[in-house]
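These protein sequences, in sequence, are chains R and F. Residue numbers for the first sequence follow the working numbering, so the first one is 1 and each next one is one higher. Residue numbers for the second sequence follow the working numbering, so the first one is 1 and each next one is one higher.
Be aware that a few hints might be false.
Note that identical chains are pooled: a pair holds if it fits in a single copy or bridges any two copies.
Derived pair list, reagent style SDA-like, types lysine to any residue, alpha-carbon separation capped at 25 Å [what the hints assert, rightly or not]:
| id | residue 1 | residue 2 |
| --- | --- | --- |
| 1 | K35 | G261 |
| 2 | K401 | H48 |
| 3 | K47 | D422 |
| 4 | K214 | V320 |
Hints in this document: simulated from the structure, not taken from any laboratory. Owing to the predicted nature of the structure, the values given are computational and were not obtained by experimental measurement.
2 protein chains.
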Amino acid sequence: MLFEHIDYLDENFEVQKNAFIGIKDGKIAYIGTEKPQEDFGEVYNGKHGLMMSGFVNAHSHAPMTLLRGYGENLPLDRWLNEKIFPFEDKLTDSAIAASTTLACAEMIRFGTVSFSDMYFFSQTMAKSILDSGIKCNLSRGLTVFSDQDYEQLEAYKDNMDLLKNYQNAGNGRLKIDLCIHGEYTTTPKVVEAIAKHAKSENVNVHIHLSETKKEHEECKQRHGKTPAKYFADLGLFDQPTTAAHCVWVEDEDIELFKKYGVTVACNPVSNMKLASGFAPIPKMLEKGINIALGTDGCASNNNLNIMQDLYLFALLYKGVTGDPTVVTPKQALSAATLNGFKSQGRMDSGKISVGQKADIIVINTDVPNMYPATDIACNLVYAAQGSDIKLTMVDGKVLYKDGEYLTIDIEKAKAQTQMHTDAILQQL
Amino acid sequence: MLFEHIDYLDENFEVQKNAFIGIKDGKIAYIGTEKPQEDFGEVYNGKHGLMMSGFVNAHSHAPMTLLRGYGENLPLDRWLNEKIFPFEDKLTDSAIAASTTLACAEMIRFGTVSFSDMYFFSQTMAKSILDSGIKCNLSRGLTVFSDQDYEQLEAYKDNMDLLKNYQNAGNGRLKIDLCIHGEYTTTPKVVEAIAKHAKSENVNVHIHLSETKKEHEECKQRHGKTPAKYFADLGLFDQPTTAAHCVWVEDEDIELFKKYGVTVACNPVSNMKLASGFAPIPKMLEKGINIALGTDGCASNNNLNIMQDLYLFALLYKGVTGDPTVVTPKQALSAATLNGFKSQGRMDSGKISVGQKADIIVINTDVPNMYPATDIACNLVYAAQGSDIKLTMVDGKVLYKDGEYLTIDIEKAKAQTQMHTDAILQQL
Chain R
1 MLFEHIDYLD ENFEVQKNAF IGIKDGKIAY IGTEKPQEDF GEVYNGKHGL
51 MMSGFVNAHS HAPMTLLRGY GENLPLDRWL NEKIFPFEDK LTDSAIAAST
101 TLACAEMIRF GTVSFSDMYF FSQTMAKSIL DSGIKCNLSR GLTVFSDQDY
151 EQLEAYKDNM DLLKNYQNAG NGRLKIDLCI HGEYTTTPKV VEAIAKHAKS
201 ENVNVHIHLS ETKKEHEECK QRHGKTPAKY FADLGLFDQP TTAAHCVWVE
251 DEDIELFKKY GVTVACNPVS NMKLASGFAP IPKMLEKGIN IALGTDGCAS
301 NNNLNIMQDL YLFALLYKGV TGDPTVVTPK QALSAATLNG FKSQGRMDSG
351 KISVGQKADI IVINTDVPNM YPATDIACNL VYAAQGSDIK LTMVDGKVLY
401 KDGEYLTIDI EKAKAQTQMH TDAILQQL
Chain F
1 MLFEHIDYLD ENFEVQKNAF IGIKDGKIAY IGTEKPQEDF GEVYNGKHGL
51 MMSGFVNAHS HAPMTLLRGY GENLPLDRWL NEKIFPFEDK LTDSAIAAST
101 TLACAEMIRF GTVSFSDMYF FSQTMAKSIL DSGIKCNLSR GLTVFSDQDY
151 EQLEAYKDNM DLLKNYQNAG NGRLKIDLCI HGEYTTTPKV VEAIAKHAKS
201 ENVNVHIHLS ETKKEHEECK QRHGKTPAKY FADLGLFDQP TTAAHCVWVE
251 DEDIELFKKY GVTVACNPVS NMKLASGFAP IPKMLEKGIN IALGTDGCAS
301 NNNLNIMQDL YLFALLYKGV TGDPTVVTPK QALSAATLNG FKSQGRMDSG
351 KISVGQKADI IVINTDVPNM YPATDIACNL VYAAQGSDIK LTMVDGKVLY
401 KDGEYLTIDI EKAKAQTQMH TDAILQQL
């Protein structure tokens with residue numbers, strides 16, 4: 001595909017105007033102000049469009065789309081015990097397949113080209129994800145409460161099977177991370193085993209960390225150290241790790257993130273909706289921690305529009321710190337794109353530059369809320385709407401264009417997700 | 001117009017399914033499950049649409065659309081003195097006309113059917129607003145720093161002229177409020193004069209109140225009382241008053257709001273972006289204060305999409321208080337609709353019921369982010385996108401449908417706003 005006369009956001013998040021951008025073999029092959037000699041096939045008129053790197057959703061639970069709007073306005077323990085767990089107990093393979101597809105569709109609509117997910121029924125998820133054309137670092141949520149025969153547990157075996165069967169599937173679109181659900185849901189022995197396996201297979205790790213004050217403080221009581229120190233001491237951070245939430249982390253934890261290159265997947269919407277707290281983002285930005293953005297699951301968000309998290313990420317910490325200069329639009333855009341790809345070990349994505357994978361989006365800038373165009377980065381973060389995305393492309397393949405899905409049967413995904421939700425609700 | 005087979009949100013924010021709704025003479029004339037005998041003219045297929053009351057933006061500065069993305073990430077005093085004031089000093093009538101029209105277009109796109117505004121060049125604004133078809137309670141920002149000959153000041157005379165020339169223009173679409181910009185920008189004598197005039201003309205009042213800690217504390221030093229007590233004692237609250245921000249109000253101030261029926265126009269985005277603080281919303285809701293929602297101006301938001309404020313209003317205070325049960329979706333929807341109309345003295349709008357003015361919107365529910373439809377109020381608040389609004393109608397007249405404006409020359413508004421912004425920036 002050849003994009004003609006298109007503005008794009010370069011790697012410094014500055015606008016470059018009126019370019020020709022050619023896509024070939026899944027990569028950005030040409031950028032210039034002159035029309036290229038080479039024939040790139042289909043021509044895309046870029047007028048009133050802005051191309052930028054697609055977004056990365058660095059922490060989600062895609063099938064929880066089934067739970068959107070279920071169990072609202074409850075305290076965390078009642079929400080989990082009375083609503084979420086009983087619902088999840090009724091999940092089926094076909095419900096997972098439909099909701100994963102719908103989740104991919106929603107993410108694609110709002111410009112996400114790659115996401116990092118942690119849930120169960122993972123091989124079913126893998127198939128839906130591959131079919132949708134999106135990229136994903138998938139992990140199987142691992143909760144183990146006893147050391148005895150843990151290797152025989154389904155969750156543990158699933159982690160291994162997923163890695164064996166799906167690592168680098170779809171020409172590398174699917175990558176498998178190993179998972180520790182959290183400190184309070186696993187044992188030290190299991191953490192060590194996963195750390196060791198991650199090292200021997202050289203794969204990334206995806207965990208929850210210090211989401212709630214309770215979780216953080218109870219770990220200190222149990223182990224005499226914070227969750228971050230606990231994981232670091234057990235060797236888990238020796239492999240690239242994405243730690244979701246990190247709301248209650250302390251200064252020493254941030255030093256550990258720095259030392260080990262841990263990515264913090266910040267989930268500003270979910271943390272607010274569940275009243276978990278506010279992560280110390282300005283401090284972590286100052287220390288140079290790689291901060292990416294996540295939506296978390298639909299049950300606590302209630303959408304998979306990463307642009308809402310981008311928006312809140314660039315607003316919230318001004319309010320919380322009382323300093324309107326913290327978290328700039330460019331820092332927020334970096335968190336939503338480049339930092340997410342970095343967390344996934346996808347260093348060949350995240351920039352509009354020659355040689356990078358064509359994991360890109362085009363946003364409609366010809367809408368009232370994007371005028372005047374005094375500061376495009378600022379408009380993108382604070383004024384653009386997720387639904388103004390005109391085109392989503394992954395590995396050079398168009399997945400979504402002007403409201404149409406090219407890889408997903410969206411009517412089927414909507415209808416089946418509704419049907420499975422209704423069926424589960426009837427059982428509760 | 002006759003809406004067929006449409007779902008709608010009733011006055012309890014519950015969904016009623018598959019209705020026929022007839023519009024006649026600017027009002028909702030029929031609601032039923034049977035097709036009416038009467039001919040209502042054009043038929044609208046309501047399948048996959050949800051009708052609800054349009055939104056009210058209870059505090060804005062529409063022409064500040066010109067300043068979108070200008071002067072970002074600065075502390076408040078530098079932002080005002082180095083950026084906002086010098087820019088505003090260059091404003092012209094034609095810049096105001098274009099930007100007011102663009103602001104109306106943006107509000108209409110995102111489902112706002114009525115807004116309360118405070119700015120200058122008000123008669124120019126009045127014309128643009130009337131042409132757009134939207135409703136507005138317009139006020140001329142009044143700042144007066146000395147008692148001497150204040151009645152001769154342009155800002156004071158403008159308040160009076162605007163009232164004289166435009167009250168109830170456009171068949172009541174335009175209403176004029178009197179204005180006190182704030183305690184720190186006016187004198188007691190002027191406040192008393194406006195209070196007296198508002199009473200004699202029986203009009204509403206629009207003010208800024210306790211937006212920043214500095215403003216709130218300095219008033220207490222100056223007058224020995226809070227801004228709310230100061231205004232109440234000067235008789236300003238004897239007429240229905242909309243007080244914007246109210247971030248730093250104290251318990252006694254909330255009692256005064258209750259006593260006088262003052263509406264609080266909460267601006268969650270602006271307050272966060274400028275790091276002004278968090279208003280004590282849960283406490284005010286508990287006391288039964290009429291809380292409406294505002295975007296504030298584009299310079300501190302940076303959009304006029306009230307659905308973003310609705311979203312934040314229903315998220316933020318959970319995070320701030322640590323209690324996930326505060327501010328329910330229905331409370332938020334009420335703030336964004338009915339409470340706003342109430343603040344404007346428009347008791348004939350805000351509900352989908354027979355006899356109400358047809359100030360309504362239709363939202364597309366057939367998008368991935370609205371499935372499953374387990375809890376529609378919740379989906380509307382936390383998952384819907386402003387740009388999924390398919391239709392905006394004011395007084396029974398369609399202003400916007402499927403992306404097209406019926407009363408606004410949108411290409412002209414965009415181009416002229418861009419041109420005027422560029423011209424002003426060149427002078428700075």
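Against the earlier hints, flag every one the structure doesn't satisfy and list their numbers going up. 1
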